[in-house]
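Enquirer: Input sequences plus hints: build the corresponding full structure.
Protein chains in written order, with the working numbering: chain U, 50 to 396; chain D, 50 to 396.
It should be emphasised that the hints constitute simulated quantities derived from the structure, not laboratory data.
Computed from a prediction, not measured in an experiment: that's the story for all the values here.
Hints are all accurate, no fakes.
Derived coverage of chain U by chain D (criterion: at least 3 residues anywhere in the stretch with Cβ under 8 Å from a Cβ of chain D; other residues may be distant):
| no. | stretch |
| --- | --- |
| 1 | 165-175 |
| 2 | 187-201 |
| 3 | 206-218 |
Using N, Cα and C, we set each Cβ at its ideal position, and we do this for glycine too.
Number of protein chains: 2
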Amino acid sequence: MSSTASAATEVERTLGRYQQRIAEEIERRLPDGEPRRWLYGPLAEYPLRPGKALRAALCLASCDSFGRSDADALTVAAAIELAHCAFLIHDDIQDDSLVRRGGPTLHRHEGVPLALNAGNALALVSFDTLRAGCQSLGHRLSGQVFDEFCTAIWRTLEGQALELGWRRDGVVNLTAHDYLTMVLGKTCWYTTIAPLRIGALIGSRGRADLTAMSRFGLFLGAAFQITDDTLNVTGGEAVYGKEILGDLREGKRTLMIVHALSVAEPDDRQALADLLRGPASERTEERIAWAIRVFRRYGSIEFAREFARGVTAAAAVAFTEAFRTAPHPERADVIHDLVDYMIERVR
Amino acid sequence: MSSTASAATEVERTLGRYQQRIAEEIERRLPDGEPRRWLYGPLAEYPLRPGKALRAALCLASCDSFGRSDADALTVAAAIELAHCAFLIHDDIQDDSLVRRGGPTLHRHEGVPLALNAGNALALVSFDTLRAGCQSLGHRLSGQVFDEFCTAIWRTLEGQALELGWRRDGVVNLTAHDYLTMVLGKTCWYTTIAPLRIGALIGSRGRADLTAMSRFGLFLGAAFQITDDTLNVTGGEAVYGKEILGDLREGKRTLMIVHALSVAEPDDRQALADLLRGPASERTEERIAWAIRVFRRYGSIEFAREFARGVTAAAAVAFTEAFRTAPHPERADVIHDLVDYMIERVR
Numbered sequence: 050m051s052s053t054a055s056a057a058t059e060v061e062r063t064l065g066r067y068q069q070r071i072a073e074e075i076e077r078r079l080p081d082g083e084p085r086r087w088l089y090g091p092l093a094e095y096p097l098r099p100g101k102a103l104r105a106a107l108c109l110a111s112c113d114s115f116g117r118s119d120a121d122a123l124t125v126a127a128a129i130e131l132a133h134c135a136f137l138i139h140d141d142i143q144d145d146s147l148v149r150r151g152g153p154t155l156h157r158h159e160g161v162p163l164a165l166n167a168g169n170a171l172a173l174v175s176f177d178t179l180r181a182g183c184q185s186l187g188h189r190l191s192g193q194v195f196d197e198f199c200t201a202i203w204r205t206l207e208g209q210a211l212e213l214g215w216r217r218d219g220v221v222n223l224t225a226h227d228y229l230t231m232v233l234g235k236t237c238w239y240t241t242i243a244p245l246r247i248g249a250l251i252g253s254r255g256r257a258d259l260t261a262m263s264r265f266g267l268f269l270g271a272a273f274q275i276t277d278d279t280l281n282v283t284g285g286e287a288v289y290g291k292e293i294l295g296d297l298r299e300g301k302r303t304l305m306i307v308h309a310l311s312v313a314e315p316d317d318r319q320a321l322a323d324l325l326r327g328p329a330s331e332r333t334e335e336r337i338a339w340a341i342r343v344f345r346r347y348g349s350i351e352f353a354r355e356f357a358r359g360v361t362a363a364a365a366v367a368f369t370e371a372f373r374t375a376p377h378p379e380r381a382d383v384i385h386d387l388v389d390y391m392i393e394r395v396r
Numbered sequence: 050m051s052s053t054a055s056a057a058t059e060v061e062r063t064l065g066r067y068q069q070r071i072a073e074e075i076e077r078r079l080p081d082g083e084p085r086r087w088l089y090g091p092l093a094e095y096p097l098r099p100g101k102a103l104r105a106a107l108c109l110a111s112c113d114s115f116g117r118s119d120a121d122a123l124t125v126a127a128a129i130e131l132a133h134c135a136f137l138i139h140d141d142i143q144d145d146s147l148v149r150r151g152g153p154t155l156h157r158h159e160g161v162p163l164a165l166n167a168g169n170a171l172a173l174v175s176f177d178t179l180r181a182g183c184q185s186l187g188h189r190l191s192g193q194v195f196d197e198f199c200t201a202i203w204r205t206l207e208g209q210a211l212e213l214g215w216r217r218d219g220v221v222n223l224t225a226h227d228y229l230t231m232v233l234g235k236t237c238w239y240t241t242i243a244p245l246r247i248g249a250l251i252g253s254r255g256r257a258d259l260t261a262m263s264r265f266g267l268f269l270g271a272a273f274q275i276t277d278d279t280l281n282v283t284g285g286e287a288v289y290g291k292e293i294l295g296d297l298r299e300g301k302r303t304l305m306i307v308h309a310l311s312v313a314e315p316d317d318r319q320a321l322a323d324l325l326r327g328p329a330s331e332r333t334e335e336r337i338a339w340a341i342r343v344f345r346r347y348g349s350i351e352f353a354r355e356f357a358r359g360v361t362a363a364a365a366v367a368f369t370e371a372f373r374t375a376p377h378p379e380r381a382d383v384i385h386d387l388v389d390y391m392i393e394r395v396r
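Expert: Dropping the structure here:
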């Protein structure tokens with residue numbers, strides 16, 4: 050095992066401990082009732098499938114590092130993970146994805162109408178959990194946490210709208226900057242920025258300076274998303290937990306696509322644009338394999354990986370600044386280790 | 050014009066005044082930003098199309114009657130109407146409805162992915178508006194209002210799950226009691242019960258006894274929904290604002306369907322059950338016309354109307370009890386007039 054691989058394993062072991070604690074908290078928060086078959090059963094499916102618990106780990110370690118026991122942020126961290134699961138249900142409907150967390154997507158299982166409804170219900174569980182988690186924080190701090198949470202959801206919906214709008218309207222003239230704007234919205238806010246900021250707020254009782262935290266979260270989240278995009282092309286489904294090549298089938302504008310479209314010869318560029326603009330049914334295995342060959346020919350996968358490495362280097366610098374005023378910076382070690390893990394992970 | 054028709058016109062005139070005030074408040078609360086084309090534009094479509102403002106009127110008049118100026122409840126009432134619009138967007142996706150508030154449904158216009166996202170965003174606007182409306186209510190009362198709001202949304206999601214589950218799994222052995230359970234969930238809680246209760250809470254500064262209010266809201270909401278079902282079969286699209294016969298095309302279990310299934314001769318019953326269980330594409334104009342003839346043959350439309358009249362009579366009794374302790378019962382006159390209007394309305 051290479052030292053990189055063993056470092057990744059170590060990070061996963063640490064994440065595993067967070068994962069266990071957050072899974073217990075989530076189980077406590079999942080409601081039961083009728084109709085179980087059509088609502089309370091389906092809404093619990095994604096939260097009970099094992100996830101990475103990345104968002105919870107960032108929130109808890111950030112709280113810890115800024116001065117309070119991370120138990121103070123546990124319920125709020127569970128609310129963040131539950132919001133994530135609610136997004137996943139709707140996201141899978143929007144993309145018509147097939148596999149999620151190693152199982153069939155909810156709408157493939159339950160049909161779109163009931164899955165949509167279960168996603169709404171899970172968003173409400175997340176909100177109920179957030180309210181419960183804020184109860185002990187006092188009026189002012191609890192208002193700050195709600196503000197952060199709502200901001201993150203707004204930014205996510207905006208990023209999601211960009212991605213969906215580009216696909217619906219066949220937009221292909223995109224730059225890396227456009228891609229980053231979209232990823233800042235659809236991924237970074239709720240995956241890294243908000244968990245880190247909310248953790249720091251709870252840990253510091255609302256006094257932490259969060260400016261540097263947002264920059265760090267942006268770089269960390271971008272590294273996470275770009276790696277997710279490349280894993281979708283190069284990974285193995287059993288470890289990855291999603292449908293390999295699903296992004297291409299769904300016509301997503303990944304950084305690899307943006308790169309290939311901007312550097313390819315006119316013929317390849319036109320064929321790639323046509324492939325993205327056509328209906329999903331035309332993105333057959335054969336044509337997707339062709340697109341991957343185009344990626345390889347123009348170095349688009351390597352470009353994305355290199356880009357992720359650059360963003361990771363920026364994240365490492367921003368990390369120091371973000372935790373400079375934390376009373377226990379050593380308790381943010383797990384977050385520091387996550388920086389490299391973002392591009393080394395295989396799942 | 051008959052006296053009934055002129056009473057209905059008078060109620061609509063009163064509702065119109067509430068509608069205008071709530072429309073202004075909603076306009077103030079609708080956010081703007083980018084991407085406008087794919088998010089902020091679409092999310093504003095339903096709220097800006099004229100609705101009945103029934104929920105807002107119930108909330109405001111209830112507040113007024115229980116002792117405070119209804120201006121105290123205006124922003125919260127706007128939040129209720131916005132939540133209603135968010136539900137409508139998702140509901141139209143789930144039912145694949147064609148017409149809403151006199152225009153094409155949002156997903157027919159924008160596609161399912163962007164409409165789903167806009168529905169989520171509108172739910173967040175509703176929540177932001179609720180937070181703003183609660184700011185002046187103090188910690189305890191604001192907590193009560195949030196509890197009521199969340200309860201209503203839970204009950205709505207449960208009722209919606211029942212309706213969608215019955216359709217997906219071809220459930221046809223339903224009683225009027227099953228139907229009422231579903232309607233209590235999908236309609237009454239957020240259309241009548243919660244607006245009335247929240248208005249009374251704000252008006253009484255949290256001191257009103259709400260037990261009788263829930264019973265009144267249940268009867269009022271059931272009368273509203275059953276009338277909605279019959280209008281869908283007998284109304285005119287231009288006034289009604291939705292697709293006439295849409296319920297039948299969508300395979301909804303209305304009270305007329307429940308009645309026809311329970312009294313029809315075996316052959317008709319079987320044919321009706323098959324029609325409901327098949328895909329929507331098989332519910333052609335011709336077969337829907339046949340179903341209407343079955344309704345007429347077995348008196349199912351008249352049964353539903355008679356049922357609505359019975360529920361309305363119960364609502365009239367419950368009204369008196371619900372507003373018995375209100376300091377200004379005369380300010381609830383508009384609510385009293387709404388009782389009869391529920392079954393007299395044509396839109």
